[in-house]
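Chemist: Going by the numbering used here, the first residue of the sequence shown is number 4, and it counts up by one from there.
Hints were generated in silico from the structure; no laboratory data involved. Among the hints, erroneous ones may be present.
Claimed, not checked - Restricting the straight-line Cα-Cα distance to at most 20 Å, the calculated cross-link-like pairs of lysine to aspartate or glutamate (EDC-like) are:
#  : residue 1 : residue 2
1  : Lys120    : Asp57
2  : Lys7      : Asp22
3  : Lys28     : Asp57
4  : Lys120    : Glu97
5  : Lys49     : Asp61
6  : Lys100    : Asp87
7  : Lys120    : Asp84
8  : Lys112    : Glu66
9  : Lys112    : Asp15
10 : Lys36     : Asp22
11 : Lys68     : Asp87
12 : Lys120    : Asp47
13 : Lys112    : Asp61
14 : Lys49     : Asp87
15 : Lys67     : Asp87
16 : Lys123    : Asp84
17 : Lys112    : Asp47
18 : Lys49     : Asp22
19 : Lys100    : Asp47
20 : Lys122    : Glu97
21 : Lys54     : Asp15
22 : Lys48     : Asp15
23 : Lys68     : Asp57
Said to hold, decoys possible - Quick list of the computed label-pair ranges, beta carbon to beta carbon:
#  : residue 1 : residue 2 : range
24 : Trp111    : Ile73     : 16 to 24 Å
25 : Met83     : Pro63     : 22 to 30 Å
26 : Gly77     : Gly105    : 13 to 21 Å
Just so it is clear, the structure is predicted and the values come from calculations on it, not from any experiment. For each residue, glycine too, the CB sits at the ideal point set by N, CA and C.
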Amino acid sequence: KKLKPGTYVLIDGDVYVVDRLQISKSGKHGSAKARIMVSGVFSDKKQTIVKPSDTMMDVPIIEKKTAQVIAVMGNIVQLMDLQDYSTFNVPMQETLKDLQSGDEVLIWKFGNNTIVKGKK
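Please model the complete structure; the sequences and the hints are all you need to start from.
Modeler: Dropping the structure here:
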């Protein structure tokens with residue numbers, strides 16, 4: 004598949020978003036190389052990967068759901084999924100310090116990773 008900035012890829016079991024993509028010309032006997040600069044969705048990792056330009060990359064399936072804030076306990080926010088009513092804890096993010104009980108938020112889940120993307 005064609006990668007573009009803003010698409011999501013799976014590298015070593017972690018989800019990343021493509022920031023920049025550069026494709027070098029191939030040599031006389033070689034193949035073109037792609038330099039992919041990515042940053043983590045669920046972590047603060049940044050990486051630069053060099054691969055052949057015809058390499059297939061894995062694309063993650065990220066669940067996007069709505070949850071309700073049950074409690075804010077210091078660095079931890081307790082949320083309830085509004086589809087199956089399960090509860091879980093996620094770490095508080097700097098951008099969402101004004102969350103209160105009863106607020107509805109958008110969450111992204113991939114495997115055991117969960118992140119709050121914003122208020123609804």
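Chemist: Determine for every hint whether it applies to the structure shown.
Modeler: Now the hints, each set against the structure:
1. Lys120 - Asp57: Violated, at about 32 Å.
2. Lys7 - Asp22: Satisfied, since the Cα-Cα distance of roughly 8 Å is no more than 20 Å.
3. Lys28 - Asp57: The hint holds at about 13 Å.
4. Lys120 - Glu97: holds, 12 Å
5. Lys49 - Asp61: holds, 18 Å
6. Lys100 - Asp87: violated, 26 Å
7. Lys120 - Asp84: With Cα atoms ~14 Å apart, Lys120 and Asp84 stay inside 20 Å; holds.
8. Lys112 - Glu66: holds, 5 Å
9. Lys112 - Asp15: holds, 17 Å
10. Lys36 - Asp22: holds, 17 Å
11. Lys68 - Asp87: holds, 11 Å
12. Lys120 - Asp47: holds, 14 Å
13. Lys112 - Asp61: holds, 17 Å
14. Lys49 - Asp87: violated, 34 Å
15. Lys67 - Asp87: holds, 14 Å
16. Lys123 - Asp84: holds, 13 Å
17. Lys112 - Asp47: holds, 16 Å
18. Lys49 - Asp22: Status holds; Cα separation ~10 Å.
19. Lys100 - Asp47: Between Lys100 and Asp47 the Cα gap is close to 18 Å, so the pair holds against 20 Å.
20. Lys122 - Glu97: holds, 13 Å
21. Lys54 - Asp15: holds, 14 Å
22. Lys48 - Asp15: Holds: Lys48 and Asp15 sit about 12 Å apart, inside 20 Å.
23. Lys68 - Asp57: violated, 34 Å
24. Trp111 - Ile73: 16 to 24 Å: Distance hint for Trp111, Ile73 holds at roughly 19 Å.
25. Met83 - Pro63: 22 to 30 Å: holds, 24 Å
26. Gly77 - Gly105: 13 to 21 Å: holds, 18 Å
In the structure shown, a violation is registered for the earlier hints numbered 1, 6, 14 and 23, in ascending order.
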